[in-house]
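Throw the hints in and build the complete structure from the sequences for me.
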Amino acid sequence: MKIIVTVKQVPDTSGKVAVNPDGTLNRASMETIINPDDLNATEAALKLKDEYGCKVIAFTMGPPPAEGMLRELMAMGVDEGVLITAREFGGSDTYATSQIIAAAIDTYGVDEDDIVICGRQAIDGDTAQVGPQIAEKLHLPQVSYAGEMKKEGNTLTIKRMLEDGYMTIKVNTPCLITCIKELNEPRYISVSGAFEAYSKPLVIMDYAALKDHPLIDETTIGLKGSPTNIFKSFTPPQKGVGMMLEGAGKETTDKLADILSAKHII
Amino acid sequence: MDFKLTNELKMLQKMYRSFAENEVKPIAAEVDEEERFPKETIPKLARYGFMGIPYPKEYGGQGGTALAYAMAIEEISKVCATTGTIVAAHTSLCCNPIFDWGTEEQKRKYLPDLLSGRKLGGFGLTEPNAGSDASRQQTTAVLEGDHYVMNGSKCFITNATEADVFIVMAMTDPSKGNKGISAFIVERNFPGFSVGKHEKKMGIRGSATCDLIFEDCIIPKENLLGKEGQGFKVAMQTLDGGRVGVAAQALGIAEGALDEVVKYTGERQQFGKRLAQFQNTQFQIADMKARCDAAQLLVYRAAAAKDDHDPNLGFYSSIAKLYASETASDVTRRVVQLFGGYGYTREYPVERMMRDAKITEIYEGTSEVQRMVIAARMGVR
Amino acid sequence: MAENYNSADIAAFKNVWVFCEQRQGEMMPTTFELISEGRKLADELGVELCGILLGDDVDGLAKEVGGYGADKVYVCNSPLLKYYTTDGYTKVICDVIEDIKPEIMLFGASNIGRDLAPRCAARLHTGLCADCTHLDVDLDGYVNFLRTGSSLDVDNMSFESKQFDVNSNLKMTRPAFGGHLMATIVCPRFRPAMATVRPGVMKKRPFDEAKAEALQIIHPEFSLTEADIQTEVVEVVKAAAKLVDLIGADYIVSVGRGISKDVEGGIKLAEELAAELGGVVGSSRACVDSGWISADHQVGQTGKTVHPKVYIALGISGAIQHKAGMQDSECIIAVNKNENAPIFEVADYGIVGDLFKVVPLLIDSIRAAKAAK
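Protein chains in written order, with my numbering: chain P, 1 to 266; chain D, 1 to 381; chain Y, 1 to 373.
All clues stand as given, with none of them false.
30 Å max Cα-Cα, derived DSBU-like pairs, lysine-lysine:
1. D/Lys358 to D/Lys263
2. P/Lys47 to D/Lys44
3. D/Lys14 to Y/Lys304
4. Y/Lys357 to Y/Lys370
5. Y/Lys370 to Y/Lys203
6. P/Lys250 to Y/Lys204
7. P/Lys263 to Y/Lys373
8. Y/Lys268 to P/Lys250
What the hints contain is simulated information worked out from the structure, not anything from laboratory work.
What follows is the structure, given as structure tokens:
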């Protein structure tokens with residue numbers, strides 16, 4: 001049995017974010033971090049490793065600096081890393097990304113008792129689409145929004161969270177789970193882990209390694225292979241100096257409520 | 001000479017900061033206010049390898065370097081000097097002598113528990129009449145068949161109430177002066193061992209600092225550490241090594257205070273401006289930053305010397321400890337001043353940092369002792 | 001996917017569809033919001049608006065969908081569709097879409113919608129845009145939206161495209177990078193163009209009884225067997241109201257020394273306002289020190305640091321220690337009798353007034369604004 005985890009290196013959008021004078025986002029102002037939900041996915045995998053002694057492999061699609069993130073995950077306890085990286089894969093939307101990652105995972109091989117664990121969504125794209133789309137391409141059953149997970153033999157019992165409660169769902173391996181932050185508390189790397197990380201195996205899967213896979217061709221990867229394209233991007237109007245409202249009566253509170261409503265704040 | 005951190009150290013520094021921020025900082029004020037030993041932090045520190053960083057995996061350590069260890073103490077001490085003391089005393093003053101001087105049996109018996117953090121360690125050298133003048137040991141240990149009988153007391157012992165294992169120095173042959181002192185591995189459950197009064201201190205108030213009392217304490221013969229008469233050497237070399245830990249702690253205290261003042265002066269307004277906009281603030285902070293960076297380079301140099309088995313280790317450690325501890329006192333005093341009235345209250349952590357800083361100039365060799373060591377090493381007599 | 005199904009054959013796809021999400025026989029409110037929005041899009045395109053509704057014996061839920069603007073609702077009934085399963089719902093929806101070929105498909109971005117929509121998009125080889133906050137077909141409408149809702153200089157830029165027809169393609173605008181960036185996405189080469197929309201974002205139209213009566217209910221052919229579904233739903237549980245704590249709260253209403261003339265009343269008002277927003281009550285240090293509220297409510301240097309969506313400070317002066325705990329909130333609203341109170345320096349919106357008078361009015365105003373949606 002092995003556990004496959006998909007992870008992404010993202011800009012830290014929850015910290016300080018600067019906007020350029022021309023209204024574009026200053027990407028350099030954001031630190032790069034491991035996507036938070038993916039840390040929960042990794043922790044879930046490591047908990048299974050603690051219990052069953054199985055191997056954990058982390059897959060990521062990204063530019064070469066993503067290796068640093070894989071090494072950090074190895075310092076947490078992940079056994080192997082796979083870096084999917086190629087010029088040809090750049091500009092991929094979620095559909096194309098899922099194709100590529102699914103091809104990479106399929107190339108590595110998924111066995112009957114394996115589990116693929118993904119974070120629910122990345123904090124840059126915020127779409128939550130890649131996990132389910134990888135599941136579709138790999139023909140695996142999926143359970144998303146996992147808030148609790150138990151394993152007995154080859155059956156997983158999962159508390160799938162809803163806005164107002166949850167569904168308890170049973171699914172057999174092989175399967176794909178997407179998890180939310182309530183699933184667990186990710187561990188830190190250990191000191192010994194840091195000193196072992198750079199000697200663990202890291203595989204690079206580039207275009208040459210994947211181009212013969214049935215899921216990969218020009219029409220399914222990169223910008224050309226993406227069904228969705230960005231038409232325009234812009235920053236919301238900047239938060240300026242605060243606004244003092246006139247008066248303190250009903251018209252004032254009505255005005256405030258309207259402003260908040262229009263901004264979808266309430 | 002490479003001033004860049006390796007990938008492993010960068011990764012560790014990130015973890016140390018995150019751990020300090022999330023696990024240590026939230027209770028730091030309370031630990032100081034209530035003079036409470038942060039018991040709940042020990043298993044967390046243990047889990048991630050903090051209690052045995054620079055020792056080989058074969059004995060249960062993390063297989064890390066002295067530099068990785070120094071950085072850990074630095075980062076922890078930025079938010080809580082008490083916790084820094086606990087880890088440093090355990091690692092440098094108890095684990096280290098066993099590792100350097102112990103027989104294979106002693107190492108296999110004690111190191112796995114200590115390095116994993118399952119047990120905590122301490123070090124007993126100081127006595128009411130033997131502070132800087134450590135050779136005036138009055139605690140005695142007399143061999144009686146298969147065991148030693150120890151009588152006397154130690155004072156100002158860190159981790160006293162919580163540690164299970166102590167390295168204790170005692171006089172085995174009073175006629176030989178220094179060379180009549182021996183070192184022992186003492187377990188808390190040995191008959192005749194007890195912990196005495198708890199010192200009320202100016203700073204590192206969460207650190208358990210008490211007397212150790214030996215009343216016909218029975219210590220098995222096998223627990224002699226090194227040979228009879230080597231005790232003073234064991235103690236001095238241990239302190240030499242421990243110096244890097246204290247230097248790292250002092251460095252952390254200074255850097256923690258500097259971080260706080262940069263944040264505060266960026267927000268606090270007086271006379272229609274933020275404090276950061278006044279040149280006095282800018283100049284003070286620039287000075288403090290230069291001193292902190294200098295201290296950091298000295299500490300890292302000393303730690304790297306340990307990893308390289310550089311014979312200058314003792315020399316570099318003394319310089320680092322002297323400079324870093326005086327920097328800590330200087331920086332924290334200036335930071336409280338920049339904070340003004342609020343800095344004097346316990347609402348902000350800087351007054352605690354100022355109180356914590358002072359001990360780093362005193363323990364594990366006072367600044368005066370460091371000066372003696374440095375000058376002697378330079379051949380200035 | 002059916003052998004001859006080609007998601008790139010744009011001309012073959014027509015009409016706007018909305019996935020009508022029901023749970024345990026109750027229609028999710030977001031369905032009506034989406035139908036309302038779908039009506040606008042269908043009108044701009046000059047096509048029909050249809051709902052697609054899955055469940056077990058759920059015909060009765062369809063009529064209400066008509067009242068908000070749908071021309072038809074395709075209903076698929078099966079005991080196997082009683083509870084949501086990814087496999088069951090994906091298969092039925094994709095089979096029906098492959099048959100009937102809508103050009104646009106909208107889902108509510110609920111936990112279920114966000115599980116279902118991507119799986120469908122992947123199976124149908126088409127594009128999906130998640131969490132949309134704005135949808136446009138009509139280019140002028142889109143440009144107007146950008147004029148006030150963006151930092152772009154719309155009057156001095158081109159909206160032409162050589163790659164696709166900007167006038168007839170659905171323009172889906174959504175937040176990315178945690179909300180710091182907005183992107184307008186198009187799906188020009190494949191159909192249906194799919195989008196999920198956050199609940200509460202689109203406005204519901206007024207209910208039209210006549211339109212509801214005129215609704216056509218159609219039962220399309222589909223096949224679904226137990227073997228198609230690879231997960232087992234053991235139970236569905238509705239949770240009691242979760243205890244929200246300050247750190248994770250999206251809405252915080254905090255009280256300060258300004259409540260001193262009627263402590264109990266002031267806290268009660270804060271609780272009411274917080275309840276109206278689905279949030280929690282916080283406090284400055286002053287109230288905690290005076291024993292008016294327990295320490296776990298304290299926000300500030302010696303209390304908790306919070307980052308809610310909305311922080312409302314009532315009768316709080318805004319000393320630096322308090323600001324330290326809340327100044328990174330997304331939207332700060334302050335109510336204070338003193339127009340020089342430092343809290344107004346960090347507030348996005350400020351009202352100078354007596355909180356005991358302002359807060360009841362504010363609760364009413366917010367209630368009214370929410371009902372109007």
